[in-house]
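Student: If you read the protein sequences in the order shown, they are chains C and V. If you're matching positions, the first sequence starts at 1 in full-length UniProt numbering and goes up one per residue. If you're matching positions, the second sequence starts at 1 in full-length UniProt numbering and goes up one per residue.
No wet-lab data here; the hints were simulated from the structure. Each hint should be verified, as a subset may be incorrect.
[What the hints assert, rightly or not] Capping the alpha-carbon separation at 30 angstroms, the derived lysine-lysine pairs in DSS-like fashion look like this:
id, chain 1, residue 1, chain 2, residue 2
1, C, Lys-72, V, Lys-11
2, C, Lys-219, V, Lys-107
3, V, Lys-107, V, Lys-47
4, C, Lys-178, V, Lys-58
5, V, Lys-85, V, Lys-58
6, V, Lys-47, V, Lys-82
7, V, Lys-88, C, Lys-78
8, V, Lys-11, C, Lys-170
9, C, Lys-52, C, Lys-140
These numbers were taken from a predicted model, which means no experiment stands behind them.
Residue strings, one per chain:
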Amino acid sequence: MAQTSQSICSILPKSITKQINTCENSEQYITNFLQNALPPTDTSSIANELRKSLILGKHKSKWNKKKQCKGKLLTNRKRMQLGLRKISCQVNDMKYKDLLPLNQLWLNYMQQVLGPKFLDNIPKDPTDPNWENVNQQLIKADFHGAEISIVGAKCPSLIGLSGIVVQDTKNIFRICGKDNIIRTIPKDVVIMNMHLKNIKLEFFGKDLSIKPTERTIKKFKCGRIYEL
Amino acid sequence: MDANTKLCQGKDIFERMNYLYQASYLMALKNRVAASYYGNVMVGCAKKSVLRIESDIKRTICKCCQSPLIPGETARVRLVSKPVKGIKWTCLTCLSIKRYPTKKGYKLWTEQPNSVVQIFNYTSKSVDDKSVTETQKRNLDKRNSVNIEKN
Chain C
1 MAQTSQSICS ILPKSITKQI NTCENSEQYI TNFLQNALPP TDTSSIANEL
51 RKSLILGKHK SKWNKKKQCK GKLLTNRKRM QLGLRKISCQ VNDMKYKDLL
101 PLNQLWLNYM QQVLGPKFLD NIPKDPTDPN WENVNQQLIK ADFHGAEISI
151 VGAKCPSLIG LSGIVVQDTK NIFRICGKDN IIRTIPKDVV IMNMHLKNIK
201 LEFFGKDLSI KPTERTIKKF KCGRIYEL
Chain V
1 MDANTKLCQG KDIFERMNYL YQASYLMALK NRVAASYYGN VMVGCAKKSV
51 LRIESDIKRT ICKCCQSPLI PGETARVRLV SKPVKGIKWT CLTCLSIKRY
101 PTKKGYKLWT EQPNSVVQIF NYTSKSVDDK SVTETQKRNL DKRNSVNIEK
151 N
């Protein structure tokens, strides 16, 4: 074992390195090689063939090109080229187990947002004085990492899905279910249940269909009911 | 809510940004796309509501793609001497470069003692003993918001 490691570090013998010679004039080398290798009937057309320029050879694909970014915010198109817009399960495997610490972190965060007293007295009907206040805070909170299940929807196949929110955009929730599959749910056609430890909060998806960054300033109006 | 929370402007948004920052670091090694997305939302929140991020925190996320920079994992850190002596950070997801010059005896304005005029402590005394790091980070954020700069 020790001998092999020594022989790895030693320089190659000269008998091997002599055979390698780098060719400076690569075009000359190619024509020489072709003249030797091809049958004599084809040698006359070598010069013609080499002169042809390949149109697609110079064309480099715009996508998948790794290029240095300047120190500026990426545009959405650049983000797409780098593959940073869509969280999908095929490229890098997302496991439900990996998301559990995120969910735990989210529960702690929600407790901080809503205050310690929230768990004891939850406003149950709109006449409660705290009702509007709590709604305002909920709409401003972040939903990445929340556990969600769908109760009602226009499309019957969506009902009953549940999972942890991975991505939250203007019109879409991406959730990761227990079977490690990421599903896309449109926001404006569903009624969702959010699980906060033992409390279930039910809300319309349509209320949330704003960009997550713009939701921080938005004023929420109570008492709207949407038709599904 | 009680009077204490109303005093601090943008407290809920600071909390949200804090959560997103931690979530982004949590997902950094498992899923870089998610980490970058959370970073992006965090920066967007700060922009929308015109709140400043502490410069120490700002330097740990990539300026270009907003993914967290962990030396050795998602970033390459080198000492360079050529244009000016400094530290070069290369983000490995988008290959963007950020250089921080190192000057002897130089301190950022926020690190200098005369930049801080007054520190308000908004953390409620009775509750916040669950996670020490969380409150510390939040204090950093908050202190920054409250700094009233001279001149």
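Student: Each hint needs a verdict: does it hold in this structure or not?
Tutor: Do the hints match the structure? See the list:
no. : hint                  : verdict
1   : C:Lys-72 / V:Lys-11   : holds (28 angstroms)
2   : C:Lys-219 / V:Lys-107 : violated (41 angstroms)
3   : V:Lys-107 / V:Lys-47  : holds (26 angstroms)
4   : C:Lys-178 / V:Lys-58  : violated (35 angstroms)
5   : V:Lys-85 / V:Lys-58   : holds (21 angstroms)
6   : V:Lys-47 / V:Lys-82   : violated (34 angstroms)
7   : V:Lys-88 / C:Lys-78   : holds (23 angstroms)
8   : V:Lys-11 / C:Lys-170  : holds (24 angstroms)
9   : C:Lys-52 / C:Lys-140  : violated (63 angstroms)
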